[in-house]
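Participant: These are the residues of each chain, in order.
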Amino acid sequence: MRMHTLVWREVFERKSQLLTSFLAILLGITVIVSIKNITFYSEKAVAREMDSLGANVLVLPKSATVQDYYAADMQGETIPEEYVTRLVMSDLQGLDNLSPKLSLPVEVRGKTFTLTGILPKSEFQAKAAWQGAGIFARPIGCGAITSLSDAAEPDDKNTLVRKRVIEDLEADEALVGADMAAALGVKESDTLELLGKRFTVTAVLPQTGTVDDSRVFAHLHTVQELSGKGPVINAIEIIGCCQEISAGLVDKLNRLLPDARVVTVSQIAQSQIKINRMMSNLSLMFLVIIVFVGGASIANYMYANVFERRREIGTLMALGADSRLVLKVFLLKALLLGGAGGIGGYVLGSIFAMVLGPQLAGMRVWPMWELAIAAVGISIGLTLVASYFPARRAARLDPCATFQEV
Amino acid sequence: MLKMENVSKLYKHRGQTVTALDNATVEIPRGDFVSVVGPSGSGKSTLLLMLGGMLSPSRGRVFLEEQSVYDLNPNERARLRREKVGFVFQTFNLVPYLSALENVQIPLFLAKMDDDAQGERAVALLERVGLGDRLHHKPCELSVGQQQRVALARMLANDPAVILADEPTGNLDPETSRQIIGFLEEFNEEGKTIVMVTHDPRAAERAKRTLRLAEGAILSERRAEERLHVA
Chain A
56 MRMHTLVWRE VFERKSQLLT SFLAILLGIT VIVSIKNITF YSEKAVAREM DSLGANVLVL
116 PKSATVQDYY AADMQGETIP EEYVTRLVMS DLQGLDNLSP KLSLPVEVRG KTFTLTGILP
176 KSEFQAKAAW QGAGIFARPI GCGAITSLSD AAEPDDKNTL VRKRVIEDLE ADEALVGADM
236 AAALGVKESD TLELLGKRFT VTAVLPQTGT VDDSRVFAHL HTVQELSGKG PVINAIEIIG
296 CCQEISAGLV DKLNRLLPDA RVVTVSQIAQ SQIKINRMMS NLSLMFLVII VFVGGASIAN
356 YMYANVFERR REIGTLMALG ADSRLVLKVF LLKALLLGGA GGIGGYVLGS IFAMVLGPQL
416 AGMRVWPMWE LAIAAVGISI GLTLVASYFP ARRAARLDPC ATFQEV
Chain B
55 MLKMENVSKL YKHRGQTVTA LDNATVEIPR GDFVSVVGPS GSGKSTLLLM LGGMLSPSRG
115 RVFLEEQSVY DLNPNERARL RREKVGFVFQ TFNLVPYLSA LENVQIPLFL AKMDDDAQGE
175 RAVALLERVG LGDRLHHKPC ELSVGQQQRV ALARMLANDP AVILADEPTG NLDPETSRQI
235 IGFLEEFNEE GKTIVMVTHD PRAAERAKRT LRLAEGAILS ERRAEERLHV A
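Line order of the protein sequences matches chains A and B.
Remember, this note's numbering sits 55 above the position in the first sequence when you count from 1.
Remember, this note's numbering sits 54 above the position in the second sequence when you count from 1.
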């Protein structure tokens, strides 16, 4: 017989009564861990996007929302591909690169991915009219990306990941995102059938931590053909020049494309930051709720437990237990409850974050050990504080009053 | 061994003072077996709990082996009980979620005995009271007589010098009562001092001495020889 035997047996003797308090703390910690975990990776993704993309501009259908940069082209609504021509033919300064996109959901071996059509840079250059307009021949040096022809590895398909544009892409070629490749076991030179058409995988793209990992990229015109929607696109990504953007490029684009919505990535990032802040506040609110509701539930349970066990406490005292031992019995029980709630809440919260993170925020989420320490610390701290007064009451019980026959 | 000097216990109940024990003086030498009888509310259990350091008197002093019990603080009194006093209760007071073996181990755990030694001693005590085949049964899986025998084994665990029994046969059938009183006599023959509160005249007669209480006062004291003489 040891102290923990006494506590453990009692916990399992009255487990149904304990369950409500345990669930209160478990669910509270689960929610806090999930929100904190998703928020952390969301903030990281925003910071990464801001670092890597500079002052990008998106041209979207009028009705599109701007919650997530990487998923901005996956909204069903379309704009005519002719808008790309309009942009290229315009005399607007500060447009370094254009990347029109059309996305479709595709199902491969029972799993759903996104097929995204992109236009390689060689297509722009092949069009004499566009070349004449000189978008890629303009004096440059102001944007985040100056020219693809200056890139160190012009044939490297991975430039799509870093620079959002690609040099060449044949009609039957496809670039597969890291997650999709892993899920399907696809590698370079393999063939992949999408919407009845066979594609050759020319590259597996490196991990980005965004929804791009679940995409397969193909030629825009091939995707348009497969979609049956005609020459339309969901979005145009523009690597814009920072100075030009601050000098009113967005307004000029809006005037040029009145039926489209033009937004800068910083607007999208702001929107994401707002969501992050809201989630952060939400987790703080949950923390307050768990402290009050969870704490009250535990204190209430412990007071009831002390009342129910007063005869047992009196017996222990008659057998020679002192008040410190009685206090320890109840606090050890609180410690067990808090520890189990904290660990369980961390595990569940991390699982929820990993599952929901990609769906809610469009990025991959990994468990954070720092949250494990915080979850267990908060949970144990809360249960100990909530149990202290009931435990003290138990330790101060008059042993005589605990025997009915006395 | 045990001594009460002019001990009174007064309770406040709904604004009225109730005298549970009134100026009681009693001396119980080592190895004595005393039964305490009297009607309900006469102060029998109060006297017993005071002797066990569980209930402080309003007036007077209680001694256990020359130590004034209530001059000690509550935790020191707990240690005194752990080392020198064994309680037996009418309703056994076994911990319901522990097995017979674990119930007997409680006083040994409180005395900080190691696990193996606890197990060995508890098994030996349960075998002594005839429950060697019920070690892992929970109280609800035992008859009331068996439960009281587990309580006796638990009481013996720390080899107490004093046994305080509050109606130990109150919930038992006559045969089991005789068995329990037989155990108490056996413990007394081994040198333990026993004070037993009882309503059962046959159980009371088995003690060496009988104290009769009424309205909180000790009315009379008869020795076994006197009872035999009267008979």
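No lab work stands behind these hints, which were simulated from the structure alone.
Be aware that a few hints might be false.
Unchecked claim - In the DSS-like style, the derived pairs of lysine-lysine whose C-alpha atoms are separated by at most 30 Å in a straight line are:
{"#": "1", "chain 1": "A", "residue 1": "117", "chain 2": "A", "residue 2": "284"}
{"#": "2", "chain 1": "B", "residue 1": "166", "chain 2": "A", "residue 2": "117"}
{"#": "3", "chain 1": "B", "residue 1": "138", "chain 2": "A", "residue 2": "117"}
{"#": "4", "chain 1": "A", "residue 1": "307", "chain 2": "A", "residue 2": "284"}
{"#": "5", "chain 1": "A", "residue 1": "70", "chain 2": "A", "residue 2": "99"}
{"#": "6", "chain 1": "A", "residue 1": "383", "chain 2": "B", "residue 2": "57"}
{"#": "7", "chain 1": "B", "residue 1": "57", "chain 2": "A", "residue 2": "70"}
{"#": "8", "chain 1": "A", "residue 1": "242", "chain 2": "A", "residue 2": "99"}
{"#": "9", "chain 1": "B", "residue 1": "166", "chain 2": "B", "residue 2": "192"}
{"#": "10", "chain 1": "B", "residue 1": "166", "chain 2": "B", "residue 2": "138"}
{"#": "11", "chain 1": "B", "residue 1": "138", "chain 2": "B", "residue 2": "57"}
{"#": "12", "chain 1": "A", "residue 1": "99", "chain 2": "A", "residue 2": "284"}
{"#": "13", "chain 1": "A", "residue 1": "70", "chain 2": "A", "residue 2": "166"}
{"#": "14", "chain 1": "A", "residue 1": "166", "chain 2": "A", "residue 2": "252"}
{"#": "15", "chain 1": "B", "residue 1": "166", "chain 2": "A", "residue 2": "70"}
Participant: Give a verdict on every hint.
Facilitator: Hint check results:
no.	hint	result
1	A:117 - A:284	holds (18 Å)
2	B:166 - A:117	violated (77 Å)
3	B:138 - A:117	violated (88 Å)
4	A:307 - A:284	holds (28 Å)
5	A:70 - A:99	violated (42 Å)
6	A:383 - B:57	violated (34 Å)
7	B:57 - A:70	violated (46 Å)
8	A:242 - A:99	holds (29 Å)
9	B:166 - B:192	holds (23 Å)
10	B:166 - B:138	holds (15 Å)
11	B:138 - B:57	holds (15 Å)
12	A:99 - A:284	violated (36 Å)
13	A:70 - A:166	violated (42 Å)
14	A:166 - A:252	holds (17 Å)
15	B:166 - A:70	holds (28 Å)
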